[in-house]
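**Q** So you can see what is in the structure, the chains are spelled out below.
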Amino acid sequence: MIPGRRAAVLAAALASTLVLAACGSTADQQPAGEAGAGGVKTDKGVTDTTITLGVMGDNTGPFKNLGAGLNAGNQLWADDVNAAGGICGRQIQLEVVDHGYKADTAKTLYPQLEPKVLGMVQLLGSPVLAALKQNLIDDNLLAAPASWSSEVLNNPSIMMIGTTYDLEIVNGLAYLQQQGLLADGDKIGHIYIDGEYGGNGLKGSQYYAEQHGLTITEAKITSTDNDLTGIVTGMRGEGIKVLVLTTTPSQSASALAANQALGLNVPVLGNNPTFDPALLDSPAAGALGALYVAASSPPFSSETPKAVEVANEYKQKYPSAPVNAGVHTGYVEGMVWQAVLEKACEAGDLSRAGVATALTTLTSVKTDDLVTELDYSSPGAPPTRGVYIAKVDPAAEGGLTEVAPLFTASEAEGYKAPYQQ
Amino acid sequence: MSDTLVKPSSAQPAPAAPKRRRNWLAIAATAVGLVLLVLLPVIIGTEVAYLKVAQYILIGAVGGIGLTLLVGQAGQLSLAHPFFLLVGAVSYAVLSGEAEADLVGLGLPPVIGLIGAVAVSGLLGLAFAPVAGRLRGIYLGVASLSLVFLGLWLGQSLESLTGGTSSGRTPPTFELFGFAFANSEPAPTILGVAIQKQQRLWFLFLALAVIAYLLARGAVRSRIGRAWRAVRDNEAAAAAMGVNVTRVKAGAFVVSSAYAGLAGVMTALWLDLVKPDENEFTGNYSLTVAIAFLAIVIIGGLGSVPGAVFGAVVVYGLQQFFLLGANEFGWFADAEFGGLTAVVLSAFVYGTAVVLVVLFEPGGAAAIGRRLVGRRAPAPVPAAPGGRDTPERNDDDPRA
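Chains A and B are the protein sequences, given in the same order.
Positions 1 to 421 (our numbering) are the ones given, in order, by the first sequence.
Positions 1 to 400 (our numbering) are the ones given, in order, by the second sequence.
These aren't lab readings, by the way, just hints derived from the structure by calculation.
All clues stand as given, with none of them false.
Pulled from the structure, derived: some chain A residues nowhere near chain B, Cβ distances all over 12 Å: (1) 230; (2) 262; (3) 316; (4) 343.
Covered by chain A, according to a simulated footprint, are these stretches of chain B (three or more residues, beta-carbon under 8 Å): (5) 38–48; (6) 167–175; (7) 264–274.
The beta-carbon is built from N, C-alpha and C at its ideal position, and this holds for glycine as well.
Just chain A, with the same shape it has in the complex (with noise of 0.2 Å):
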């Protein structure tokens, strides 16, 4: 076989000589903004007649409920504009993946979908998130994550829609002080799934801890425990005067239900991503009405007319599909894309630069109340603060009715996100 070896090395050699032949060098191959229709400077995903957003969504993994919903949202907002004639004289299109809420199968998607897109206008997950970071930063494009960490505020490629976990629970923990079912001094109890999600979420709780003097019992789990009864049973010997969770939906079934089972029967506050609608058909549902959801984005069947339009749209479009959260997140994610490339077509440059220098001179987006007024010419800040606070309702669409309106805490005010300057 060694000569034979040799013979492989040797071609290879030939082979490998030849392709060096044909080296040269990029430097000469710059490629520059043009200026397409109307004088707009464009580079990548905008044509004189489209601009192509990217959705990195979720159809088949472990979110794939509340994935449909995003996915819809974006659609429905995209069909609205489309239908109200477009932004700068051109067409909105979507082009939709599904990832399966995998880092992985993300890496290899993304590649394919970058040159054909401006931005993206969801990126659902934050494992591919975390993952598509240098990504994004290298390649100076701007995504609305559906995943809403302070922690990923450092990259300047993230256009957060909506307020964070922290801030969520913050402004939650404040409406139950404010209901009397909370009190200085209380103890409370906080379960968390290690993790961008839960981990964020439990800085809100000790930050409200702090300022009124509360004592929390932390409890962290993965993603995969399912039985939170022992936890409960813990928390209850504590003491607990309100039980915090930022947990997937099934596991809050379970603590919800061990709520009631031992008697503890506190309040129980979670978020968007706690509450599911189909918990609502789980044997947990009786213990359900103890949850109040602090979210960002309205409940479904909030009264906010914005929120009422767009959700009659929805059922009308997806007569079939799961009723959840999702559809107004999605659609309110399209909404500041609009501004901000309303913003860049007015300074004349829809290029990835010109919408990442349009995004930061944003002070005040308005969404028709899906979210509260957003600013976002502090990076590393959260845009906004506000939240919709929701309680768990069988009779209502999506599971759950609005309880307090859109209103931002005094103490989620002075809340300095981790990457705030």
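With chain A's structure known, arrange chain B on it following the hints.
**A** Below, chain B alone, put in the same frame as chain A:
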């Protein structure tokens, strides 16, 4: 060997050993294959996504080769591969990364980091060897599974090393003698294709995979491989022939762990991220990965090094390829709210492949490949008088 028993007649010259005859066809095919692999970035051109899949396959191949040596050659079932992947990835980040706010980093040159990560993984494999030496078969499999859970817990607890499950940490860019495996301006081009980060990573991965492949083939054909197979087939007999069973078993575990460690470093470079998993079922170092590697080894044929490469193409390549095809050609376009998607389909494909292999061709792709090539396979040798033929034990054939 038989020639010690059958004496050639002295009247006739000993027939020239037929195995010396070179198989020019195979040599040519190998050469063409290598050239194609080297030129892959040029062939793929701007469709970098496909290059990303190809890189991913090489990760599966390196890890798969390590596992096939352990499971197929040395006969030790292990599900701990993801743990050693994690160890490799984290070691690389710690050894070569810069120390930051809450992170430990030694700032060594990336080459040293890569070699060190492989060494650390191997050493941890050695630490597990006492357990591996005492257990066999499914018991060893279950015991090794505990390492995956240990990895999950350590990954979450040792945040100063792993970066934690929230955001993880960024592995240092690989560099070789000052040449960075990252984007640069201006970039060199080959036949008009810019050789940027992904193209460079491909060459790096290809080099690592070829080295890993050749080392494995070398080990299988040498005394080490024979010792592994001897221990696998009968420990008592192996001991009687002078094989130090404990040492050979430990050695196999070390080698396999080192391969997994290398695959871990490649994973970190491929993802631009070192991040421990949030739970034991999903993620890059989870049970799913343990099963995937086992599938690679089974589909490829237990113990076959080329088979492991083929298995990696099926298991690591297909899903990603389907996904890209789905977007490019609009397959599965109607699966908006569930239904048959690329992910589901590829899971079925590799699940079916495992079942078919186990049912109809326990030798896996390697056995099928041998038959297709029509190589003059030696007659199946009964393991014992009257025993079952075991042609599926691959790579016992030194010419394989």
